Amino acid sequence: MKRILTGGLFALSAVLSTASADDTDWAPTTFSLDNGMVVVVVPDHRAPVVTHMVWYKVGAVDEASGKSGLAHLFEHIMFKETDDLGPGEFDDIVSRNGGVNNAFTSWDYTAYYERVAKQHLGTMMALEAERMTDLIINDDPEGPFISERDVVKEERRQRIDNNPGVILQEMVLSELWKGHPYEITVIGKMDEVAALTPEDGMAFYKEYYSPENAILVVAGDVTPEEVRVLAEEHYGRIKPTGTAHGNRKWESVPLLTETKELEYSDPKVRQPSWSRYYNGTSESRDREFSYALDVGLEVLGGGMTSRLYQSLVEEQNVAINVNTVAWTTLHDEGPVVINASPAPGVSLEDLETAAMTDLEAVLAEGFTDEEVERARNKLAASAIYARDSQSNMANVFGSTLALGGTVDDVLDYPDKIRAVTTEEALAAVRKVFGPDRHYIEAHLLPAEGDS
Amino acid sequence: MKRIDLLAGAALAIMLAACTTAEPVTTPELTTAELIEEEAGLEVTTHEGDFAQIQQFTTPGGVSVWLVSEPSIPILSVELAWEGGEASDPEGMEGLADAVVYHMNEGAGDLDSLGFQTRMEELNMSFGCSASNLWTSCSASMLTDNASDAMDLIAEAFEYPRFDEGPFQRFVREQQVSLNTRETNAGYLAWRAQAQALYPDHPFARETSADSIATLTPELAKAHMRKLMVKDRLLVTAVGAVTPEELAPMIDEIVANLPETSDLPDIPAIDYTAADTFGTFVVPLPQPQSLVQFVAPGIKRKDPEFFPAYVLNYTFGGGGFKSRLMDTLRVQKGLTYGVYTSLSFGEKFQSWNGGGQTKNESAGDFIAGLKEEMSKISEGGVTEEELADAKAYLIGSYPLAFDSNAKIAGQMMSVRQDELGVDYFDRRNTMVEAVTLDDVNAVAAEYLAPERFSFIVVGEPEGLE
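So the protein sequences, as listed, match chains G and S. To convert, note that position 148 of the first sequence is 148 in this note's numbering; the numbers rise steadily by one, no gaps. To convert, note that position 283 of the second sequence is 283 in this note's numbering; the numbers rise steadily by one, no gaps.
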């Protein structure tokens, strides 16, 4: 459904994806317009369609104190009305041209997109250019801004408040990121969202929405030249506002200084779950370490062949599931999570003991070259499979550039993953689970008295 | 029967499940020499469609295949499907088809579960099977470079599946967990309420239970695999960097030892009318929102009313932001993050259904709003402009359904399952275009009156009449 929130609680580890750098027929082209807008063209000639995206370098990290949820609510408001487009007309035009459109907001960026037959690319650009410069925010106290605020409150209930596991995850992440802009989830706190005003929206628009703060990505059945001509025509005429600034509120996430345990019980929970959240890394801050960590966690708890799954689920039958994952695609450092759910009749305490005993044993013993090679190949091959989805390719390039990365960062992914050595993968995992590291432990439990 | 993946983290495990009783390892009966000899006579009929160039052929082994050759990405997607699924489970053995598909990538020949999964990783491939009410399906993706080795492994899975005790016990443990977690899953509870109200005695209403799971054994699952996966009901579609001549022997290797045919029970069609509805039904669940689902009798895929209904559904609730329900309940009133409608048009069960979530306090207003829109559209129909918008979107957006190998393989499989014909993709837009305002408004009047609908509310709703 529309206006989806990524980078939110469920963004887990959006696995990176791309292609090998050795064939070039699908390699993207990049250039900039005079007003500073960066353009990326990703050719895919299989079907006569395009994915058109505009990424803004603004997200929930940039919100002022007390205004949580503004970046995301504002994204909803971008669909409402402009000087030339009446209420709802943006969606009308896209739909009548056979297009689908949507948008999403993360802590780090906000992206708007249309997928459409290629002959309508210019129309889509005209629409996005119009709302980049001429948005109207209706300030009627009973008008569309207020009803959209109610929609976002329902979105929060649907995504988070209905789901005990997500409620607990929100609690854990705000501990892990305490004092960092990621502390509050992208959709915002209910009471702060309820207090956002049309004036907040307009101030946010003026501060962040401008061509020099935007990236255009077009994937599909087009040539770079076609895109350049259309982009010059529709976006090239837009003057920078002069107020947009690149000063993001990103900052390095400090290591936890104490270990905490959080518990959440709810009558809806019928299967307990045990997790630990450790300090991790991010591709933006340390790409090499991040890739080594991904490979190491794949061996440790990445799938059915992983060490932890084989021991806890297959041999000891104490878990119904176990996995390890790192959130590395945010700009700042995300958590490394180990999560397990007990087999029927097994207590969380016994599961924890078994999981940590195994984890320590694997870290002490080390990995074999064979299992590390399998993990590397699996991650590298995901870049080839990812090419089957045009919108996925547009997302990978857009998100990478919005975080300050480059097209080459994406293209080099398979080679860099394949270059990770057994020692590097092991060292990365040993570091994040090291005896000097603190963590947040989370127990999801049935309500008292429930079976 | 409805199965849901209840363990977010275990979804992969559920999909990939398997087993442990070792069988003697034998060599495949088809030799390479035989295959090369047989492939010489392959007759390929190419359908030059507007959206895909579909190559149809029957392998020397007798399997009918639809292939789209797509050389630009070095991957191959293959879909297999057999009519017959969960609804064919013998009564009291619910979960049997699920057990079958769980084990298909859990060991074959001399590879146990771990060996099989490891081999898939070495080949950078994926392979897994699933069952729905009426179909058993398998999907595989592989890199063209080692497609032959990947297909060898899949052939092992069909010819020498192990159904080992270890994976089987894991399947049972996962089922036991599901039996608990589904009881607080709003979507599952709504499905159950609908099934119990509208077709309580039909196989589609049956659920797994502790008792039914306890009757299952690896041997029963293995025997049932031989009933579900047979040659004469197999449909194959494929998309990727491969030619018919390359693909045919690989498919024949897969099916070499499948039984020719089997008898499965006939599944009767569900015959229900609006008179069977129960008004509004509440399933209590402690959470801040109420899930509201609504359902009424619908239309078959091959009915002349199908395309008018399909076009009308866009305007009513299928068209995302531009539907009447979204405009009223979300955009105007701010009551929900999303509300949708859709058509179920299978041969055995047809419905016009939909749903959305709203805070418990506004559940009454939400349902009142739904009924108001139902009255409005059934009594007043839609406008010429709405009809034109619906057609423009449905026709204009159709190419988006063909922009990836996975989508094309899936689209072709749907056409094969519904027996719509190889030229369906080319005819479809003409059928949408031919729908008239009178057609649409007649369907609206007949199907969308609020009194035809049952409402199921899961949560702690307030303000219901």
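The set of hints was computed from the structure by calculation and includes no laboratory data. Keep in mind it's a predicted model, so treat the numbers as computed, not measured. Glycine residues also receive a C-beta, built at the ideal position from the N, C-alpha and C atoms. There's no promise every hint is true.
Claimed, not checked - Here chain G is said to cover these stretches of chain S; the calculated rule only asks that three of the stretch's residues, wherever they fall, bring their Cβ under 8 Å from a Cβ of chain G: (1) 170 to 182; (2) 258 to 270.
What the hints assert, rightly or not - Listed next, the in silico DSS-like pairs over lysine-lysine satisfying Cα-Cα at most 25 Å (straight line): (3) S:K371 with S:K333; (4) S:K407 with G:K118; (5) S:K391 with S:K300; (6) G:K239 with G:K178; (7) G:K416 with G:K431; (8) G:K189 with S:K333; (9) S:K333 with S:K302; (10) G:K178 with G:K260; (11) S:K302 with S:K348; (12) S:K371 with S:K302; (13) G:K118 with S:K391; (14) G:K378 with S:K407.
Going through the hints against the structure:
| no. | hint | in the structure |
| --- | --- | --- |
| 1 | 170 to 182 | holds (count 7) |
| 2 | 258 to 270 | violated (count 0) |
| 3 | S:K371 with S:K333 | 15 Å, holds |
| 4 | S:K407 with G:K118 | 18 Å, holds |
| 5 | S:K391 with S:K300 | 20 Å, holds |
| 6 | G:K239 with G:K178 | 39 Å, violated |
| 7 | G:K416 with G:K431 | 20 Å, holds |
| 8 | G:K189 with S:K333 | 22 Å, holds |
| 9 | S:K333 with S:K302 | 37 Å, violated |
| 10 | G:K178 with G:K260 | 13 Å, holds |
| 11 | S:K302 with S:K348 | 12 Å, holds |
| 12 | S:K371 with S:K302 | 28 Å, violated |
| 13 | G:K118 with S:K391 | 19 Å, holds |
| 14 | G:K378 with S:K407 | 23 Å, holds |
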